[in-house]
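Visitor: As they're listed, the protein sequences go chains C and V. Under my numbering, the first residue of the first sequence carries the number 1, and numbering increases by one thereafter. Under my numbering, the first residue of the second sequence carries the number 1, and numbering increases by one thereafter.
Hints are computed from structural coordinates only; laboratory data are not their basis. Because the structure is a prediction, the values reported are computed rather than measured. Idealized CB from N, CA, C, for every residue including glycine. Among the hints, erroneous ones may be present.
[As the list claims (entries may be wrong)] What the simulated footprint calls covered on chain C by chain V, stretch by stretch (three residues with Cβ under 8 Å from a Cβ of chain V suffice, anywhere in the stretch; the number is not a length): (1) 1 to 15; (2) 37 to 46; (3) 260 to 274.
[To be verified] Using 20 Å as the maximum straight-line C-alpha spacing, the simulated EDC-like pairs for lysine to aspartate or glutamate come out as follows: (4) V:K76 x V:D65; (5) C:K144 x V:D86; (6) C:K154 x V:E242; (7) V:K175 x C:E214; (8) C:K199 x V:D86; (9) C:K17 x C:E270; (10) V:K194 x C:D65; (11) C:K175 x V:E15; (12) V:K31 x C:D47; (13) V:K83 x C:E270; (14) C:K19 x C:D291; (15) C:K31 x V:D115; (16) C:K83 x V:D196; (17) C:K150 x C:D291; (18) C:K199 x V:E197; (19) C:K194 x V:E197; (20) C:K194 x V:D41; (21) C:K113 x C:D196; (22) V:K143 x C:E140; (23) V:K83 x C:D218; (24) V:K290 x V:D86; (25) V:K194 x C:E146; (26) C:K83 x V:E146; (27) C:K113 x C:D186; (28) V:K19 x V:D196; (29) C:K194 x V:D291; (30) V:K194 x C:E197; (31) C:K76 x C:E140; (32) C:K143 x V:D218.
[What the hints assert, rightly or not] Facing chain C, a subset of chain V residues (Cβ under 10 Å, in silico): (33) L12; (34) C14; (35) E15; (36) Q133; (37) S151; (38) G152; (39) E197; (40) R201.
2 protein chains.
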Amino acid sequence: MLSVKEAQAKVLECEVKLKTKKVDILAGCGKVLAQDIISNDFIPAYDNSAMDGFAVRAVDIIGADKNYPVRLKLIKEDIPAGKVPDITVESGFAVPIMTGAPIPAGCDCVVMKEDALKEGRDVLVFREFYEGQNIRYRGEDIKKGETVLKSGKKIYPADIGVLASIGVNLIDIYKPPLVAILSTGDELVDINHKLDEGKVRDSNSYSLAAQAREAGADFKMYGIVKDDKELIRGKISAALGECDILLLSGGVSVGDYDFVKEILADTGAEFIFWRVNQRPGKPLAFLSYKDKFIFGLPGNPVSVMVCFEMYVRPLIKK
Amino acid sequence: MLSVKEAQAKVLECEVKLKTKKVDILAGCGKVLAQDIISNDFIPAYDNSAMDGFAVRAVDIIGADKNYPVRLKLIKEDIPAGKVPDITVESGFAVPIMTGAPIPAGCDCVVMKEDALKEGRDVLVFREFYEGQNIRYRGEDIKKGETVLKSGKKIYPADIGVLASIGVNLIDIYKPPLVAILSTGDELVDINHKLDEGKVRDSNSYSLAAQAREAGADFKMYGIVKDDKELIRGKISAALGECDILLLSGGVSVGDYDFVKEILADTGAEFIFWRVNQRPGKPLAFLSYKDKFIFGLPGNPVSVMVCFEMYVRPLIKK
């Protein structure tokens with residue numbers, strides 16, 4: 001019998017082969033990127049102002065100070081964000097500029113609004129700024145041809161912002177693994193069913209589905225199957241035809257009525273492990289079938305959730 | 001000017017009035033329950049075995065021990081899970097029973113399989129069990145009429161299991177708040193657009209949408225609106241007609257081209273606060289309009305995300 005650690009290590013040696021799909025960036029948030037993202041643009045696309053203020057030549061305002069302001073001539077045409085200035089600013093001049101607006105030719109720094117005062121057709125500058133100050137340079141954030149996000153990265157909201165800024169609206173992501181969920185047991189009835197004596201509602205299918213989705217997987221519920229070899233075999237092979245991971249709950253014990261182990265052996269699935277030394281959560285089986293994986297989970301509602309957290313979630317997350 | 005703490009406190013004094021809707025339990029996972037859930041059943045629904053083994057009378061096996069096993073007569077009819085036994089077990093008898101199977105009349109404990117040995121038509125019991133041992137009693141987990149989940153609770157996968165077990169498949173949840181997202185600025189172009197000089201792609205709408213969804217809200221993007229009073233006013237009133245929270249990005253500064261403050265004042269929205277003493281993330285405005293809320297967020301892509309985390313997420317989460 002394996003220890004819990006040994007069993008978990010065996011699960012983590014396995015890897016679900018995931019397909020990829022193209023989605024729009026908002027649908028990709030929270031998913032895993034399946035391509036490198038390379039920028040076709042410089043961001044910012046042009047030198048621009050980081051502040052509301054006045055674009056000037058740094059050399060013109062050397063020594064500017066509260067007590068000894070420098071007086072510059074105001075070019076009346078102010079530059080809002082989004083407008084390209086067709087002026088060249090000469091020495092001795094200042095031009096009003098908004099945050100984000102392109103830096104006009106001739107200027108090499110921006111005086112903050114708070115450090116200047118309009119006075120008629122002039123502007124007084126009360127502080128020195130050095131060359132490049134309050135300017136965001138072309139390509140400062142992202143260079144053209146730069147790999148901004150690497151394949152395999154989980155996509156967060158900040159990444160969505162980056163993708164949008166470089167004009168990427170479709171991305172390849174790894175499709176979440178599809179988890180098939182099948183409950184076995186003559187005692188089980190669907191959750192819409194009245195509880196006749198001897199019957200239990202199949203809550204495991206629902207808690208496992210919720211756990212699978214919460215772990216980032218897609219799921220498909222295959223319902224309840226009676227303790228009948230042929231029926232179980234049929235459902236298992238249908239599920240294996242579609243899913244990446246099959247979760248069976250109930251049925252994997254040493255009890256007389258548990259055929260599932262035998263049936264799994266019949267399908268050609270290979271047992272990776274069969275019994276793990278733990279409570280709750282015994283019995284537990286883990287098998288591989290081609291490039292798919294099968295977990296035989298206990299029937300007890302608490303055990304089944306614990307086993308999911310300990311064994312299935314790590315495989316999905318990987 | 002407010003401190004960050006004062007501003008956050010003011011946000012948390014507010015509360016979005018949420019509508020409710022009925023969804024199936026799996027769609028409700030991760031959402032907030034809007035009703036008390038009362039069980040119509042006892043869970044378990046009947047006394048049943050917690051183990052595979054033999055149902056017996058505790059009094060018959062007093063003193064049973066490895067060296068001095070107690071010999072009982074085996075009733076051949078074993079009880080699988082899901083089958084209701086129509087037998088009454090007399091003193092001196094044992095009946096094979098599976099985990100989850102109803103306890104037959106006459107029995108009051110279950111001997112674990114490992115502590116017994118079949119010997120022809122008898123069974124040897126090697127250990128004492130007390131009355132009630134290895135029996136899960138009717139209603140032990142949940143009583144009929146019991147409130148199992150309270151309104152206001154966030155729903156986790158384990159809760160889905162509980163709901164399924166008591167046969168609840170539809171629940172009332174609070175509809176996530178609808179967050180409207182609107183970007184203002186002449187410099188903005190849609191993310192599919194080429195970056196002409198002076199232009200910036202509207203990444204904020206996308207990062208805010210991703211953040212809103214990640215925080216549990218629904219979102220609707222209202223796109224980009226030019227710095228034109230009439231256009232902005234129109235979009236704002238359309239958004240306020242539908243959403244619970246409106247996020248404006250860009251436009252809320254002291255700059256000459258920022259009409260938004262004025263327009264918001266025109267709509268009749270009330271300023272809760274206007275300037276907060278923080279960088280990055282200045283300027284920032286928070287307003288209420290009827291039972292809706294408006295955030296004026298900065299245009300800078302980092303600032304806007306930081307402000308979302310500091311002010312908008314707490315309101316959504318509340």
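Visitor: With reference to the structure, classify each hint as holding or not holding.
Guide: Verification of the hints:
Residues of the segment 1 to 15 of chain C lying with their CB closer than 8 Å to a CB of chain V number 0, which falls below the three-residue condition for coverage. Counting residues of the segment 37 to 46 of chain C whose CB falls under 8 Å from any CB of chain V gives 4; the rule of at least 3 is met. Beta-carbon proximity to chain V at under 8 Å applies to 0 residues in the segment 260 to 274 of chain C; the threshold of 3 is not reached and the given coverage is violated. Note on K76 of chain V and D65 of chain V: the hinted pairing is violated, with a Cα-Cα distance of about 24 Å set against a maximum of 20 Å.
Note on K144 of chain C and D86 of chain V: the hinted pairing is violated, with a Cα-Cα distance of about 79 Å set against a maximum of 20 Å. Note on K154 of chain C and E242 of chain V: the hinted pairing is violated, with a Cα-Cα distance of about 32 Å set against a maximum of 20 Å. Restraint check for K175 of chain V and E214 of chain C: satisfied, since their Cα atoms lie roughly 19 Å apart, inside the 20 Å limit. Our distance criterion of 20 Å between C-alpha atoms is met by K199 of chain C and D86 of chain V, whose separation comes to about 15 Å.
The suggested pairing of K17 of chain C with E270 of chain C holds, with an alpha-carbon distance near 17 Å, which does not exceed 20 Å. For the given pair, K194 of chain V sits about 43 Å from D65 of chain C by alpha-carbon distance, which is inconsistent with the 20 Å threshold. Of the pairs offered as hints, the one joining K175 of chain C and E15 of chain V is violated, with about 37 Å between alpha carbons and a cut-off of 20 Å exceeded. For the suggested pair K31 of chain V and D47 of chain C, the alpha carbons sit about 45 Å apart, so the restraint of at most 20 Å is broken.
Pair hint K83 of chain V plus E270 of chain C does not hold up; C-alpha atoms about 32 Å apart against a cutoff of 20 Å. With a C-alpha separation of about 12 Å, the suggested pair K19 of chain C and D291 of chain C falls inside the 20 Å cut-off, and the hint holds. Distance restraint check for K31 of chain C and D115 of chain V: the Cα-Cα separation of roughly 50 Å exceeds the 20 Å cut-off, and the hinted pair is therefore not satisfied. Of the supplied pair hints, the one linking K83 of chain C and D196 of chain V holds, its CA atoms being roughly 10 Å apart against a limit of 20 Å.
Distance check on the hinted pair: K150 of chain C and D291 of chain C sit about 26 Å apart at the alpha-carbon level, beyond 20 Å; violated. A C-alpha spacing of about 71 Å is found between K199 of chain C and E197 of chain V, which places the hinted pair above 20 Å, so the restraint is violated. Restraint check for K194 of chain C and E197 of chain V: the C-alpha separation of about 68 Å exceeds 20 Å, so the hint is violated. With a C-alpha separation of about 9 Å, the suggested pair K194 of chain C and D41 of chain V falls inside the 20 Å cut-off, and the hint holds.
Of the pairs offered as hints, the one joining K113 of chain C and D196 of chain C is violated, with about 78 Å between alpha carbons and a cut-off of 20 Å exceeded. Under the criterion of a C-alpha separation no larger than 20 Å, the hint pairing K143 of chain V with E140 of chain C is inconsistent with the structure, at around 65 Å. Distance check on the hinted pair: K83 of chain V and D218 of chain C sit about 34 Å apart at the alpha-carbon level, beyond 20 Å; violated. Distance check on the hinted pair: K290 of chain V and D86 of chain V sit about 66 Å apart at the alpha-carbon level, beyond 20 Å; violated.
Distance hint between K194 of chain V and E146 of chain C is fulfilled; the C-alpha atoms sit about 18 Å from each other, no more than 20 Å. Restraint check for K83 of chain C and E146 of chain V: the C-alpha separation of about 67 Å exceeds 20 Å, so the hint is violated. Between K113 of chain C and D186 of chain C, the direct Cα distance comes to roughly 78 Å. Violation of the 20 Å bound is thereby established for this hinted pair. Taking the CA atoms of K19 of chain V and D196 of chain V, the gap is near 44 Å; set against the 20 Å cutoff, the hint is violated.
Restraint check for K194 of chain C and D291 of chain V: not satisfied, since their Cα atoms lie roughly 43 Å apart, outside the 20 Å limit. At most 20 Å may separate the alpha-carbon atoms for a hinted pair to count; K194 of chain V and E197 of chain C exceed this at roughly 68 Å. This hinted pair does not check out: K76 of chain C and E140 of chain C have alpha carbons roughly 29 Å apart, beyond 20 Å. Straight-line distance between C-alpha atoms of K143 of chain C and D218 of chain V comes to about 34 Å, which puts the hinted pair past the 20 Å bound.
Using the Cβ-Cβ criterion of 10 Å, the hint placing L12 of chain V at the interface with chain C is not satisfied: the shortest such distance is roughly 22 Å. Checking C14 of chain V against chain C: minimum C-beta separation of about 23 Å lies over 10 Å; hint violated. Because the closest C-beta pair between E15 of chain V and chain C is about 24 Å apart, greater than 10 Å, the hint is violated. For Q133 of chain V, the suggested interface contact is broken, since its CB lies about 16 Å from the closest CB of chain C, more than 10 Å.
Hint on S151 of chain V is violated. Least Cβ distance to chain C is approximately 19 Å, over the 10 Å limit. Taking 10 Å as the C-beta cut-off, the interface hint given for G152 of chain V is violated, the closest approach to chain C being about 19 Å. A cut of 10 Å between beta carbons decides the hint on E197 of chain V: the least distance to chain C is about 5 Å, and the hint holds. For R201 of chain V, the suggested interface contact is upheld, since its CB lies about 5 Å from the closest CB of chain C, less than 10 Å.
Of the numbered hints listed earlier, those contradicted by the structure are 1, 3, 4, 5, 6, 10, 11, 12, 13, 15, 17, 18, 19, 21, 22, 23, 24, 26, 27, 28, 29, 30, 31, 32, 33, 34, 35, 36, 37, 38.
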